[in-house]
Each structure stands twice: as structure tokens, then as C-alpha cells.
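Residue numbers (my numbering), protein chains in the order written: chain A, 1 to 293; chain B, 1 to 293.
A hint or two may mislead.
Since the list can't tell identical chains apart, any single copy or any two copies may satisfy a pair.
[Stated by the list, open to error] List time: in silico DSS-like cross-link candidates among lysine-lysine, alpha-carbon distance up to 25 Å:
1. 150 x 31
2. 104 x 156
3. 123 x 169
4. 169 x 104
5. 127 x 214
6. 183 x 150
7. 150 x 169
8. 52 x 156
9. 104 x 31
10. 127 x 264
11. 264 x 104
Since the hints were derived computationally from the structure, they do not count as laboratory data.
There are 2 protein chains.
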Amino acid sequence: MPLTTQSLKLTAQSPKPKMNKKELLKLIIKKQSFLCVGLDTDITLIPQHLLKYPDPVFEFNKAIIDATIDLAVAYKPNLAFYESMGLSGWASLEKTMKYLNQFKGQVFTIADAKRGDIGNTSKMYAKAFFEHLDFDSVTVAPYMGEDSVKPFLEYKDKWVILLGLTSNKGSNDFQFLETGNGKLYEQVITKAQQWGTPDQLMFVVGATHPEAFKHIRRLAPDYFYLVPGVGAQGGDVQQICQNGLSSECGLLINSARNIIYASKGEDFAQAAQESARKTVGEMANYLSLFSKG
Amino acid sequence: MPLTTQSLKLTAQSPKPKMNKKELLKLIIKKQSFLCVGLDTDITLIPQHLLKYPDPVFEFNKAIIDATIDLAVAYKPNLAFYESMGLSGWASLEKTMKYLNQFKGQVFTIADAKRGDIGNTSKMYAKAFFEHLDFDSVTVAPYMGEDSVKPFLEYKDKWVILLGLTSNKGSNDFQFLETGNGKLYEQVITKAQQWGTPDQLMFVVGATHPEAFKHIRRLAPDYFYLVPGVGAQGGDVQQICQNGLSSECGLLINSARNIIYASKGEDFAQAAQESARKTVGEMANYLSLFSKG
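Based on the sequences and whatever the hints tell you, model everything.
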């Protein structure tokens with residue numbers, strides 16, 4: 001094979017280091033943080049002065065990332081916000097991911113997409129998020145069961161973040177149903193552990209159910225949880241840490257609106273940094289538990 | 001208001017007639033069909049000669065639509081197949097929807113997206129599919145409950161197609177769990193009827209569970225079901241019709257691979273038409289039940 005073909009191939013395969021559990025924990029210890037910044041970027045809510053740029057959504061994301069990169073271990077673009085703008089939204093997402101993927105080994109990326117379909121379709125979603133956009137992980141809905149989740153798990157060093165117990169009011173509609181062998185969300189968290197190891201599978205556990213964290217930690221002691229619902233939705237960092245931390249941290253706490261919209265003025269990036277720093281400060285007390293381990 | 005502004009506004013609001021239940025039934029009777037063609041368009045599977053076009057996926061879809069428009073009442077692009085190609089896939093999807101939306105009142109369009117998230121996020125997905133792409137309906141996953149579904153139902157004359165009992169093997173993992181008040185999928189189908197009327201809500205019921213149709217028809221007598229799983233997945237049209245038809249038809253049977261990949265040669269559109277005609281022929285016996293009603 002001629003050298004040029006080989007080097008092209010290497011570029012196409014993306015040289016960024018894979019973000020496995022060990023690397024993720026190193027990152028958490030290095031940054032003294034398990035904060036995930038939610039990039040729920042809404043063009044109607046970003047500062048007016050950005051609208052002069054050809055891609056205001058990307059400019060906003062780039063400024064937020066630059067301001068918080070030392071504080072956040074993860075970034076989570078929320079796909080709905082990009083899709084709502086059609087083609088230009090998808091372009092902003094691609095640019096954001098290209099930018100994030102330049103921070104080699106310094107961030108963990110999450111496609112908050114809540115996908116899941118029959119096998120041959122989930123395989124296409126996996127291609128979209130793991131190959132085309134090169135995310136480290138994707139959120140997946142469990143309703144359709146094992147063959148809807150497996151195609152995502154077939155990627156080495158990529159992660160599925162499966163909905164366990166969500167943060168919204170509607171989590172009470174089905175997730176708490178008694179199944180004769182635990183509640184539905186308990187069944188999901190228990191069964192999915194047969195599909196994926198703690199090195200490739202995490203669970204979404206909403207911050208609005210702090211009372212459930214101790215119990216869930218016993219159900220899945222070695223798994224990471226992505227915790228949405230802090231801030232705007234009312235969840236509390238302290239309670240989550242007290243009930244949810246594992247010996248390897250095991251938590252990524254997401255905050256979106258509280259950080260990215262901390263100010264709507266020209267100081268938005270600075271304000272985002274301050275808000276992120278405050279949340280990371282709250283995490284500090286708990287980091288000593290495992291940073292020496 | 002000057003006349004020019006008004007006419008511009010009319011154009012922007014899309015002049016196509018709304019596809020409510022009455023209109024859908026009229027369409028079924030007119031075409032003597034309740035066939036939905038699944039546009040699971042995979043660039044690696046379409047005929048080679050299309051690759052010379054700037055947008056081969058759109059060219060393929062357009063040819064399939066042209067060949068089947070008299071036979072199919074609905075078209076269902078499967079989002080994963082478009083997302084897997086990134087920006088160019090999203091562009092092909094937009095072009096396909098613009099083309100489909102020219103067939104005013106002649107087709108019902110389904111975004112097979114399996115979305116669902118917390119309220120403010122589902123609202124953005126609804127904007128993407130109902131406003132930006134102007135689909136008539138979108139498939140939604142029920143795990144996150146009422147507030148994840150409601151934002152879609154707030155659009156007049158647009159539809160939610162909620163996952164009830166899916167066609168894949170993994171449907172056995174959670175959907176059949178006994179909840180003390182029926183199985184999980186029965187709970188979903190029962191509860192969701194409090195959220196949406198038969199004029200705005202349908203259920204996905206997989207063709208691979210023909211034995212469940214009679215029972216589901218009793219649970220939700222007046223609702224339409226979107227039935228995937230016929231053909232490649234093994235479902236049988238006759239059994240579905242015998243068990244699932246209502247007095248207002250109440251079924252949209254989807255077929256994708258069997259129709260769109262009926263031939264991989266230059267005669268693919270002709271072959272798709274023949275395959276669609278065969279499926280519609282199977283439906284004919286059952287249409288007499290309600291076409292006079």
C-alpha cells in the first residue's frame with residue numbers, strides 16, 4: 001500500500017486517544033471535577049452580539065468550551081436543539097464536535113440523543129454518532145430492549161449511556177411500575193448489566209430522585225451515572241454526591257442552563273466559567289474520597 | 001397589511017391540507033391501500049447507476065415515490081439512515097420531505113425518529129419534525145412518560161406515533177413485563193390514551209406479534225396502529241388484517257426493504273412498484289369491510 005493512502009487512512013480514523021473508564025477517571029482526578037456541561041444551545045437565548053457571525057451557535061459553543069475546558073470533564077450537546085434548526089443546526093453540531101475533538105484526551109463527549117431502534121437501525125445511529133461525529137458516547141432509550149442497544153456496544157472504547165431513572169415528572173408514569181421483580185427502572189439497570197461492562201455502559205439517573213441513588217448504587221456499584229436535572233430542574237449536587245459516589249467517582253453531573261445562560265450579555269463566557277467553578281467547588285469535598293485511591 | 005406580505009405568509013405557512021384522521025381514511029379508501037413505504041435508504045444498497053447524481057439518496061427516494069405514489073398512503077423516512085451520513089444525509093432528508101410535501105393531501109408522512117426527552121427538549125424535537133421538516137407525524141418512545149410526549153401533541157393536525165409493542169426480539173425484554181395492572185406495553189397503550197385522542201395519537205404495534213393484535217384492538221379500539229415488521233422481519237399481512245382492522249381501517253402497514261430493494265438494478269423503481277402492488281393486493285380483501293362505511 002502506498003504511503004499516501006496509509007497516512008490518509010490514519011487521519012480518517014481520528015488520532016484522538018480513546019476515552020475508556022481509566023482515562024475518564026484520570027481526567028476527573030486531574031481536573032478535580034466530574035462536571036458535564038450541557039450544550040443545549042438555543043439560538044433564541046444566546047447573546048445578541050453573536051448573531052453577526054455566520055454560525056452563531058458554533059461561536060457560542062466555542063466560547064463556552066474555551067471558558068470551561070479546565071473545569072468540565074464532559075460536554076453534552078443536546079441533539080434536539082441542533083435538529084430544530086435543520087441543516088444549519090446539523091452543521092453547527094458537526095463544527096462543535098470537530099472543535100471538541102481537538103482537545104485530545106481532555107474531554108469526554110456525550111451525544112444526548114436518546115436513540116434506540118431495531119438492530120439494523122440502531123447500527124445506523126451508532127454510525128452517525130460514533131463514526132461520523134466521533135462522539136465518545138450516546139444516550140440510548142431502553143424500551144426496545146437488548147438488540148436496540150447492542151449495535152452501540154459493538155464499538156470498542158465507545159459508550160452507551162442508557163436511560164435508567166430520568167429526571168422529569170414523566171419518569172413516574174412507567175419507570176416506577178412494579179414488575180414483580182423490582183420496579184421497571186431497576187429491571188432496566190439490572191438487565192442491561194448483562195449487555196455491557198462498566199467500561200462501555202453508563203446509566204442516566206436523574207438528580208431529582210436523590211433518595212434513589214443509594215439504592216441504585218447497590219444495584220450497579222461499578223457503573224458511571226450521568227446525572228441530569230441539577231440546577232433548572234431542581235436537583236442538588238450535595239445530595240447526589242452523598243448518595244451516588246462510588247470508589248471510582250462513578251458520577252458525571254450535568255448542568256446546562258445554569259452554566260451556559262448564566263449571563264445573556266457579552267460576558268456570557270466569563271459568567272459560564274464562574275457558574276461552572278461554583279459547581280466544581282461543591283464537588284471538591286467529595287473528590288478526596290477517591291482521588292488518592 | 002399589504003397583499004404581498006399576506007401571500008408570502010401563506011407560502012411560508014405551507015398550503016398543504018392537514019392530514020387528520022378523516023382525511024387519512026379518505027385517502028385509504030381512494031387508494032384502496034393502507035400501505036406505508038419505509039424509506040430506509042442506505043447509500044451502500046441503492047443501484048450503482050444513481051451514484052452519478054449529486055444527491056443519489058434523494059434521486060432514489062424520488063424514483064421510489066414516483067413509482068409508488070398511487071399505491072402507498074404513507075411514506076416513512078427512517079431518520080437513522082440519513083443521520084448516518086451526516087450533513088449530506090440531512091440535506092437528502094430535507095429534499096425528500098420537500099418533494100413529498102408537494103403531493104398535497106395525497107400522502108401521510110412519518111418521521112421514524114423514536115424521539116422523546118424532557119419537556120423543553122421534546123419541544124425542540126417537535127419543532128424539528130413538525131415545523132422545520134413539516135412531517136405529519138413522528139414516532140416517539142414512551143419510557144420518559146407524559147411530559148416527554150405532550151409537546152408533540154400540542155401541534156394541531158400533527159400526530160404522535162407512540163411505541164406500544166415493537167417488532168424486534170428485544171421487545172420481549174421489558175414490554176412484556178407484568179406490572180400488576182397488565183403488561184408494560186398494555187400500560188403504555190392504556191395510559192397514553194389519556195394524553196392524546198385517536199385524531200392525534202397512533203401506536204406502533206409490530207407485525208411479529210400477530211397474536212397480540214386482537215387484544216390490543218380491544219384496548220384501543222379507535223386508534224390507528226403503525227405496523228412495522230412485515231416482510232424482512234417475518235410479519236404477515238393477512239394475519240395482521242384479520243386481527244387488527246377496525247371499522248375505520250385503523251392500520252398502516254409498513255414495508256421497507258421488500259419494496260425499496262426489490263431490485264438492485266436499473267429497474268429498481270419498477271420492481272418497487274410491483275412489490276408494492278402485490279402487498280396492496282393482499283390488503284384488497286379487507287378493504288371492503290370499511291370502504292362502504
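How the hints compare with the structure:
1. 150 x 31: For residue 150 and residue 31, the Cα distance exceeds 25 Å both inside one copy (32 Å) and across copies (39 Å).
2. 104 x 156: For residue 104 and residue 156, only the intra-copy Cα distance (17 Å) is at most 25 Å; the inter-copy one is 46 Å.
3. 123 x 169: For residue 123 and residue 169, the Cα distance is within 25 Å only across copies (15 Å; inside one copy 31 Å).
4. 169 x 104: neither (37 Å within a copy, 38 Å between copies)
5. 127 x 214: For residue 127 and residue 214, the Cα distance exceeds 25 Å both inside one copy (35 Å) and across copies (38 Å).
6. 183 x 150: both (23 Å within a copy, 24 Å between copies)
7. 150 x 169: Between. Shortest inter-copy distance 12 Å satisfies the 25 Å Cα cut-off; intra-copy 28 Å does not.
8. 52 x 156: Intra 41 Å, inter 35 Å, cutoff 25 Å: neither.
9. 104 x 31: within (15 Å within a copy, 56 Å between copies)
10. 127 x 264: For residue 127 and residue 264, the Cα distance is within 25 Å only across copies (23 Å; inside one copy 36 Å).
11. 264 x 104: Answer is neither; intra-copy 30 Å and inter-copy 42 Å both fail.
Comparing the model with each earlier hint shows violations of hints 1, 4, 5, 8 and 11; every other hint is respected.
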